[in-house]
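A.B. asks: Given these sequences and hints, build the entire structure.
So the sequence shown is numbered by UniProt numbering: it starts at 1 and just counts up by one.
Please keep in mind that the hints were generated in silico from the structure rather than gathered at the bench. Among the hints, erroneous ones may be present.
Stated by the list, open to error - Calculated cross-link-like contacts (lysine-lysine; reagent style DSS-like; alpha-carbon spacing at most 25 Å):
no.: 1; residue 1: K270; residue 2: K82
no.: 2; residue 1: K285; residue 2: K270
no.: 3; residue 1: K270; residue 2: K85
Stated by the list, open to error - Label pairs and their computed distance ranges (CB to CB):
no.: 4; residue 1: T8; residue 2: E357; range: 27 to 35 Å
no.: 5; residue 1: Q287; residue 2: E357; range: 30 to 38 Å
no.: 6; residue 1: D31; residue 2: T115; range: 47 to 55 Å
no.: 7; residue 1: D263; residue 2: S102; range: 23 to 31 Å
no.: 8; residue 1: L32; residue 2: H123; range: 39 to 47 Å
The beta carbon of each residue, even a glycine, is placed where N, CA and C say it ideally should be.
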Amino acid sequence: MPNTSDITTIGALARMSSNAYVEEGAANWWDLEGHWNVSDSFGWNEDGIRGHVFADPTNSTIVVAIKGTSATFIGGGGSTGKNDKTNDNLLFSCCCARVDWSWSTVCDCYSGAYTCGQDCLEHAVMTKSAYYPAATNLFNNITALYPHSQIWLTGHSLGGSLASMLSRTYGVPSVSFEAPGDLLPSRRLHLPLPPPPSSFRGGKSSGPEITTHVFHNADPIAMGVCNGALSSCGVAGFALETRCHTGVSIIYDVVGRLGWSVDIRTHSIKPVIEQVLIEDWGVTKEQRKKEEEEESVRVNRRGVRRWGWWPLPGGGKGGEDGEEGKEPKKEPDDGQHWGRGVPDAIRQDDPEQECVECSRWEYE
Numbered sequence: 001m002p003n004t005s006d007i008t009t010i011g012a013l014a015r016m017s018s019n020a021y022v023e024e025g026a027a028n029w030w031d032l033e034g035h036w037n038v039s040d041s042f043g044w045n046e047d048g049i050r051g052h053v054f055a056d057p058t059n060s061t062i063v064v065a066i067k068g069t070s071a072t073f074i075g076g077g078g079s080t081g082k083n084d085k086t087n088d089n090l091l092f093s094c095c096c097a098r099v100d101w102s103w104s105t106v107c108d109c110y111s112g113a114y115t116c117g118q119d120c121l122e123h124a125v126m127t128k129s130a131y132y133p134a135a136t137n138l139f140n141n142i143t144a145l146y147p148h149s150q151i152w153l154t155g156h157s158l159g160g161s162l163a164s165m166l167s168r169t170y171g172v173p174s175v176s177f178e179a180p181g182d183l184l185p186s187r188r189l190h191l192p193l194p195p196p197p198s199s200f201r202g203g204k205s206s207g208p209e210i211t212t213h214v215f216h217n218a219d220p221i222a223m224g225v226c227n228g229a230l231s232s233c234g235v236a237g238f239a240l241e242t243r244c245h246t247g248v249s250i251i252y253d254v255v256g257r258l259g260w261s262v263d264i265r266t267h268s269i270k271p272v273i274e275q276v277l278i279e280d281w282g283v284t285k286e287q288r289k290k291e292e293e294e295e296s297v298r299v300n301r302r303g304v305r306r307w308g309w310w311p312l313p314g315g316g317k318g319g320e321d322g323e324e325g326k327e328p329k330k331e332p333d334d335g336q337h338w339g340r341g342v343p344d345a346i347r348q349d350d351p352e353q354e355c356v357e358c359s360r361w362e363y364e
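C.D. replies: Here you go:
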């Protein structure tokens with residue numbers, strides 16, 4: 001299992017996800033510093049799913065990195081762009097990308113007035129033209145090539161959602177970055193989903209979660225707010241209407257800690273690697289200055305206590321209540337660990353958490 005509480009591990013997987021967009025040796029290829037080598041590549045002569053297979057020096061661990069959507073409005077492009085958009089609109093829309101009357105649908109399941117055929121949708125996401133069946137074929141081929149290796153899955157955006165759906169299908173670990181909500185397409189594909197945590201004794205399952213999503217709250221796609229005909233996604237022809245994720249989600253509060261605005265441009269993997277997936281990602285200048293001042297006070301207090309002198313009654317206890325002698329109080333930890341390391345993981349697929357999507361639609 002990848003250690004998803006370790007920033008180095010998550011950073012390495014994010015770099016592999018970024019490398020899935022380009023061929024090995026390209027100018028924007030991330031160096032993995034000899035810890036991982038490209039063992040194989042797939043899809044580069046076709047216009048469907050693409051990526052690379054990375055291996056550690058002993059081939060004991062294999063990482064399959066799947067390319068996400070190639071789209072100019074998020075800083076990319078390429079020959080797979082048309083098929084990428086079709087699969088985005090098929091997997092992550094409420095009903096065949098029927099946003100309003102002016103949109104052309106990607107399947108024939110819409111029956112009018114926010115009503116959609118459930119069986120029709122389930123059949124549509126399983127057709128051979130969709131990426132999910134192609135991804136299952138890819139996984140089967142890789143397991144045949146590496147029968148004795150443990151396999152991890154990773155990807156960014158659409159590639160991350162495909163990785164998480166393969167994780168649910170085959171029971172192998174995945175770490176996805178800035179992926180659209182995959183819970184709705186996973187249910188339509190009838191993929192195995194764990195029972196809600198409330199069904200376990202103490203509210204926790206007995207084993208680790210295999211599916212992990214990593215994203216920040218300035219990304220409208222991962223947060224599920226880039227929807228509607230007039231949104232930046234809608235203007236570009238994408239119906240990305242899902243917001244709920246399977247497994248656990250590690251959500252970086254870059255809006256609150258770094259002052260980022262919700263912007264489609266933050267969806268790109270590059271700023272995530274360079275500005276978010278670092279050890280002190282959320283430590284502001286003001287916070288750092290305050291911490292340095294508090295540390296200076298602690299050092300001075302330890303020094304005067306060692307020599308048994310304190311310029312206050314009580315020998316350093318600070319008066320009757322001793323407040324001046326106490327350590328400075330820290331702000332409560334909100335799960336972001338004061339902007340350092342990896343935030344705590346949460347669940348979005350628990351019905352008690354009320355992660356709601358496509359609430360206006362009826363399925364028959």
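A.B. asks: A separate judgement is required for each hint: does it hold in the structure or not?
C.D. replies: Structure-based check of all given hints:
1. K270 <-> K82: holds (22 Å)
2. K285 <-> K270: holds (23 Å)
3. K270 <-> K85: holds (21 Å)
4. T8 <-> E357: 27 to 35 Å: holds (33 Å)
5. Q287 <-> E357: 30 to 38 Å: holds (35 Å)
6. D31 <-> T115: 47 to 55 Å: holds (51 Å)
7. D263 <-> S102: 23 to 31 Å: holds (25 Å)
8. L32 <-> H123: 39 to 47 Å: 40 Å Cβ-Cβ, so the 39 to 47 Å window holds.
Hint violations for this structure: none, all hints satisfied.
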